[in-house]
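For the record, the sequence lines run as chains H and E. For the record, in the first sequence the residue sitting at position 54 is 54 according to my numbering, with numbers rising by one throughout. For the record, in the second sequence the residue sitting at position 127 is 127 according to my numbering, with numbers rising by one throughout.
Any given hint might turn out to be false.
What the hints assert, rightly or not - Cross-link-like lysine-lysine pairs, in silico, DSBU-like; alpha carbons within 35 Å at most:
| id | chain 1 | residue 1 | chain 2 | residue 2 |
| --- | --- | --- | --- | --- |
| 1 | E | 167 | H | 51 |
| 2 | H | 136 | E | 190 |
| 3 | H | 51 | E | 43 |
| 4 | E | 120 | H | 136 |
| 5 | E | 100 | H | 51 |
| 6 | E | 99 | H | 123 |
| 7 | E | 99 | H | 67 |
| 8 | E | 36 | E | 59 |
| 9 | H | 121 | E | 109 |
| 10 | E | 59 | H | 122 |
| 11 | H | 50 | E | 114 |
| 12 | H | 122 | E | 104 |
| 13 | E | 43 | H | 122 |
| 14 | H | 67 | E | 128 |
| 15 | E | 36 | H | 136 |
| 16 | E | 28 | H | 112 |
| 17 | E | 109 | H | 51 |
Claimed, not checked - One side only, chain E facing chain H, incomplete, derived with CB under 7 Å:
| id | residue |
| --- | --- |
| 18 | 63 |
| 19 | 69 |
| 20 | 70 |
| 21 | 73 |
| 22 | 74 |
| 23 | 76 |
| 24 | 80 |
| 25 | 84 |
| 26 | 86 |
| 27 | 93 |
| 28 | 143 |
To be clear, the hints were calculated from the coordinates, so they are not data collected in a lab. Even for Gly, the Cβ is constructed at its ideal location relative to N, Cα and C.
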Amino acid sequence: MSSSKVMKMPEYRLHYFNGRGAAEPARILFALADVEYEDVRYEREDWPAKKPGMPLQALPVLEIDGKMMTQSHAIIRYLAREYGFNGTDNMETFRIDEIHEAIVELQRELYKFHFENDEAKKKEVRQSLVDTIIPKFMNFFERRITENHRSGGYFVGDGITLADVLVYNIIFNIEKSQMVSLDNWPKTAALCKKVASHPKIADWLKKRPQTEF
Amino acid sequence: MRTYRLTYFDARGKAELARLVFAAAGQKFEDNRIQKDEWPEIKKTMPFGQVPLLEVDGKPLAQSYAIARYLAREFGFAGSSNWELAQIDQILDLVDDAKKEMLKAGHEKDPDKKKDLEQKLQDEIFPKFIGFFEKLLKDNGGQFFVGSSLSLADLAVLALFDNPLQKNPSLLDNSSALQAHRKLVQSSPKIDEYLKTRKHTDM
């Protein structure tokens, strides 16, 4: 699958806003794989001028040797495959995809909260996230980690994969907005700790720019 | 031989992409379509209370795109390199973006707002996405979306336009590239056979 014939490392440039947002899983994968890339961050006011130059007029965009790749989830999957964090057979990859889709669904629910401007409604949405939606997904994560009989406490196999990175990343954001306490989900809590303390990732987390989103 | 059983409502919906992959592969599967009145009972037995569900030799797999990707890898519609697979994923995500916009109109209860959203779909959103798809198609030589043969990307775009074309048959009239692509995919022998025998449903 990987382009092993090419000896030279590809030149990566990741274009995104100055935030974690939809680009952060890619940045964590780069850190994990110890691959160099240019972390191009746009301020909101610079974006209108840059927008027409982007293939779908949207970010993130990953530039690989000048070729522009769009769609955050396609980018993340590409990097996970390229650097070996996407499972070792079709079923393992399925399990990672399954978590990935759950993350997309949960993210969609979180957006409803972040983009709601009506204060009363926002409160309502938050309540349903805290009471119902987030626990539903947390239960699912906990169950999947439990069902993986290999040692290590990961989602798939016995090492870190894209699934672990994605769950760590979204829980980081949810914890930041104080919508979950991990006490009820010890396996998921332990997994997040393990991802954050992986030497390469810990290094990135220490040095990454601190942004609200 | 593996056995496959796909459980979904009696509709195209979120299961159609998996059905199209089965069709393209010429792979037999049990197309288990459940009726609305059976759903409350069946829901309790589903891993996340959701369909579609694919059972491979009895083992359950959930989540529509994860299922479609699994089948595409299994039957060779997932590109021939990491780069091709990324291009396929890019198109799947774009298809999902378009679907999200369609669902906004579909789920709106207020009739005035619904009308506005539907108008916006026709005037702004469909033309925007059609433009994106045309460009991707042209960039790859005009026949298939990725590489030089049928992939999950072609099937996803085919399925995406089924509903809007049912409502507005002239939707793609100004896009000869997408029309030609649709014809090409629909007329490949196995897909053609499937489409001819496929049960007609509203969605």
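Against the structure, the hints come out as follows:
1. Between residue 167(E) and residue 51(H), the direct Cα distance comes to roughly 33 Å. Compliance with the 35 Å bound is thereby established for this hinted pair.
2. Straight-line distance between C-alpha atoms of residue 136(H) and residue 190(E) comes to about 40 Å, which puts the hinted pair past the 35 Å bound.
3. Taking the CA atoms of residue 51(H) and residue 43(E), the gap is near 44 Å; set against the 35 Å cutoff, the hint is violated.
4. Distance restraint check for residue 120(E) and residue 136(H): the Cα-Cα separation of roughly 34 Å lies within the 35 Å cut-off, and the hinted pair is therefore satisfied.
5. Taken as a hint, the residue 100(E) and residue 51(H) pair is honoured in the structure, with Cα atoms around 22 Å apart against an allowance of 35 Å.
6. Taking the CA atoms of residue 99(E) and residue 123(H), the gap is near 28 Å; set against the 35 Å cutoff, the hint holds.
7. Taken as a hint, the residue 99(E) and residue 67(H) pair is honoured in the structure, with Cα atoms around 27 Å apart against an allowance of 35 Å.
8. Note on residue 36(E) and residue 59(E): the hinted pairing holds, with a Cα-Cα distance of about 24 Å set against a maximum of 35 Å.
9. Restraint check: the Cα-Cα separation between residue 121(H) and residue 109(E) comes to about 17 Å, which is no more than 35 Å; the hinted pair holds.
10. Among the hinted pairs, residue 59(E) with residue 122(H) is inconsistent with the structure: their alpha-carbon atoms are about 40 Å apart, more than 35 Å.
11. For the proposed pair residue 50(H) and residue 114(E), the alpha carbon gap of about 33 Å is at most 35 Å, so the pair holds.
12. A hinted pair counts as satisfied when its Cα atoms are at most 35 Å apart, and residue 122(H) with residue 104(E) qualifies at roughly 19 Å.
13. Our distance criterion of 35 Å between C-alpha atoms is met by residue 43(E) and residue 122(H), whose separation comes to about 30 Å.
14. The hinted pair formed by residue 67(H) and residue 128(E) meets the criterion: a straight-line CA distance of about 22 Å does not exceed 35 Å.
15. The suggested pairing of residue 36(E) with residue 136(H) holds, with an alpha-carbon distance near 24 Å, which does not exceed 35 Å.
16. For the suggested pair residue 28(E) and residue 112(H), the alpha carbons sit about 40 Å apart, so the restraint of at most 35 Å is broken.
17. Taken as a hint, the residue 109(E) and residue 51(H) pair is honoured in the structure, with Cα atoms around 34 Å apart against an allowance of 35 Å.
18. A distance limit of 7 Å between C-beta atoms decides the matter here; for residue 63(E) the minimum to chain H is near 4 Å, and the interface restraint holds.
19. Evaluation of the residue 69(E) hint against chain H yields a held restraint, the C-beta minimum of about 5 Å falling below 7 Å.
20. A hinted interface residue such as residue 70(E) counts as satisfied when its beta carbon comes closer than 7 Å to some beta carbon of chain H; here the least separation is about 4 Å, so the hint holds.
21. Because the closest C-beta pair between residue 73(E) and chain H is about 5 Å apart, less than 7 Å, the hint holds.
22. Interface restraint check: residue 74(E) against chain H, minimum CB-CB distance 6 Å, threshold 7 Å, status holds.
23. Here the hint on residue 76(E) is broken, as its CB sits about 12 Å from the closest CB of chain H, past 7 Å.
24. A hinted interface residue such as residue 80(E) counts as satisfied when its beta carbon comes closer than 7 Å to some beta carbon of chain H; here the least separation is about 9 Å, so the hint is violated.
25. Hint on residue 84(E) is violated. Least Cβ distance to chain H is approximately 10 Å, over the 7 Å limit.
26. Interface hint status for residue 86(E): upheld, as the beta-carbon distance to the closest one in chain H is roughly 4 Å, under 7 Å.
27. For residue 93(E), the suggested interface contact is upheld, since its CB lies about 4 Å from the closest CB of chain H, less than 7 Å.
28. Nearest Cβ of chain H to the Cβ of residue 143(E): about 20 Å, over the 7 Å cut. The hint is violated.
Going through the hint list in order, the structure does not satisfy hints 2, 3, 10, 16, 23, 24, 25, 28.
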